[in-house]
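> The chain contents come next:
There are 6 protein chains.
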Amino acid sequence: MAPELETGLPSIRQIQTLIRENREVELKLITNDLLTGKVRWQDPDCLCLYDHYDQPTIVWRQAIVYMKPKL
Amino acid sequence: MAPELETGLPSIRQIQTLIRENREVELKLITNDLLTGKVRWQDPDCLCLYDHYDQPTIVWRQAIVYMKPKL
Amino acid sequence: MAPELETGLPSIRQIQTLIRENREVELKLITNDLLTGKVRWQDPDCLCLYDHYDQPTIVWRQAIVYMKPKL
Amino acid sequence: MAPELETGLPSIRQIQTLIRENREVELKLITNDLLTGKVRWQDPDCLCLYDHYDQPTIVWRQAIVYMKPKL
Amino acid sequence: MAPELETGLPSIRQIQTLIRENREVELKLITNDLLTGKVRWQDPDCLCLYDHYDQPTIVWRQAIVYMKPKL
Amino acid sequence: MAPELETGLPSIRQIQTLIRENREVELKLITNDLLTGKVRWQDPDCLCLYDHYDQPTIVWRQAIVYMKPKL
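Chains A, B, C, D, E and F, in that order, are what the protein sequence lines are. 0 is the number of the first residue of the first sequence in numbering that gives the first Met the number 0; add one for each residue after it. 0 is the number of the first residue of the second sequence in numbering that gives the first Met the number 0; add one for each residue after it. 0 is the number of the first residue of the third sequence in numbering that gives the first Met the number 0; add one for each residue after it. 0 is the number of the first residue of the fourth sequence in numbering that gives the first Met the number 0; add one for each residue after it. 0 is the number of the first residue of the fifth sequence in numbering that gives the first Met the number 0; add one for each residue after it. 0 is the number of the first residue of the sixth sequence in numbering that gives the first Met the number 0; add one for each residue after it.
Among the clues, some could well be false.
[To be verified] The calculated label-pair distances, taken between Cβ atoms and stated as ranges, are:
id, chain 1, residue 1, chain 2, residue 2, range
1, F, R22, E, G7, 34 to 40 Å
2, D, Q15, B, E3, 43 to 49 Å
3, B, Y52, F, E25, 34 to 40 Å
4, D, T16, A, P43, 35 to 41 Å
5, F, Q54, C, G7, 24 to 30 Å
6, B, R19, D, R39, 30 to 36 Å
7, F, R22, B, D50, 17 to 23 Å
8, B, N21, E, R39, 54 to 60 Å
9, A, R22, B, K69, 43 to 49 Å
[Said to hold, decoys possible] Simulated crosslink set (EDC-like; lysine to aspartate or glutamate; CA at most 16 Å straight-line):
id, chain 1, residue 1, chain 2, residue 2
10, A, K67, B, E5
11, B, K67, D, D53
12, F, K69, E, D50
13, E, K67, C, D32
14, D, K37, D, E25
15, D, K37, D, D50
16, C, K67, A, D32
17, B, K69, D, E25
18, B, K67, D, D50
19, D, K67, F, D50
Simulated from the structure, these hints should not be mistaken for laboratory data. C-beta: ideal position from N, C-alpha, C; glycine also.
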């Protein structure tokens, strides 16, 4: 059985809300890259971000610095 | 059940105090970014910082270098 | 007995699909290197990427920032 | 109950000594910042450093490279 | 008793093969250093690489980005 | 009771030998610093290095990239 997301945590819940509301986010990474897109899913290791061309990028959580919902 | 914050630790308690007192902090990140804002909540993985425009940024703890209350 | 891959996780399953479909991917690393190739296998610590000359590179998961299937 | 400091470890004990003796230290961080100050407390996640103006900085252990007592 | 290598993992087994075959490898590190040499042993924390002058370097796994057998 | 060093691991044993033999080593850190000195002690979190002026530096293992005995 796969480890489950800690859905009781505020950070996990807020990302779930961003997924449900189809909100665009900025994701700052430790390489200083700034990705923009919509989070489609999250699991304990990764998030998946879809860009404007609807192309997926699997981002490792270990590489995330911050996430900012776009206005 | 979600893992709980170790509220007995000085670092967690001091951040709780900064949240309660609505203090502005500087957050230095491993990308060398320096964010300024007020901590609204913390969980075991992340902190949430609100900036001057009251916009939230979810910051991953793994990316934090130091935190400094503003004078 | 070796620890097993969490095959129930979306991220692990999507990589398994990319392996099965022999899809080319871009792998961004924390050194800012961008590797291109096909994932041949994954285990809990590493992925193995084969380049255009069919040469393998064992990439540590800890060093992965994101993975993007090529169009 | 909060996790306790491993007070049997040489590194933890030496930092305790530096706190007790009110010694000034240099702290090198992964961002290449070099902080100077006196360690006031440590817990399993963080150290707290006070600078010359008696202002605190909460430093995450994960971001520490080395510590050097000043001569 | 020391923790043992997970010899069932492909990544560990492939490194064991490289050791047995005395193959030269390139090791890319998070500092962007590229070391060349032969892996002499591995344990759960480190690898040991011998260079052309038969001098050892103990490399921490946490700092490895990728490994490439030389052609 | 403090966690003990895994003295059965080759990497830990080799560092113990370097301590016993009072050998000078080079320590490459993730900040790209290269420290030179003699290892005086190690614990599960840190190593302590003494430089030519017999001044100690407590180095966090998490920040070590490689260690090289000097010729």
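> Each hint should be assessed against the structure and marked as holding or not.
Hints versus structure:
1. R22(F) <-> G7(E): 34 to 40 Å: Between R22(F) and G7(E), where Cβ atoms are some 36 Å apart, the hint holds.
2. Q15(D) <-> E3(B): 43 to 49 Å: violated (27 Å)
3. Y52(B) <-> E25(F): 34 to 40 Å: The hinted range 34 to 40 Å is violated for Y52(B) and E25(F), with Cβ atoms some 49 Å apart.
4. T16(D) <-> P43(A): 35 to 41 Å: holds (39 Å)
5. Q54(F) <-> G7(C): 24 to 30 Å: violated (52 Å)
6. R19(B) <-> R39(D): 30 to 36 Å: At 21 Å between Cβs, range violated.
7. R22(F) <-> D50(B): 17 to 23 Å: violated (51 Å)
8. N21(B) <-> R39(E): 54 to 60 Å: holds (57 Å)
9. R22(A) <-> K69(B): 43 to 49 Å: violated (29 Å)
10. K67(A) <-> E5(B): violated (26 Å)
11. K67(B) <-> D53(D): holds (12 Å)
12. K69(F) <-> D50(E): Holds, at about 14 Å.
13. K67(E) <-> D32(C): holds (14 Å)
14. K37(D) <-> E25(D): Given pair K37(D), E25(D) holds - Cα atoms ~9 Å apart, limit 16 Å.
15. K37(D) <-> D50(D): holds (7 Å)
16. K67(C) <-> D32(A): holds (14 Å)
17. K69(B) <-> E25(D): With a Cα-Cα distance of about 22 Å, the restraint between K69(B) and E25(D) is violated, given a limit of 16 Å.
18. K67(B) <-> D50(D): holds (11 Å)
19. K67(D) <-> D50(F): The given pair, whose Cα atoms are some 11 Å apart, holds under the 16 Å limit.
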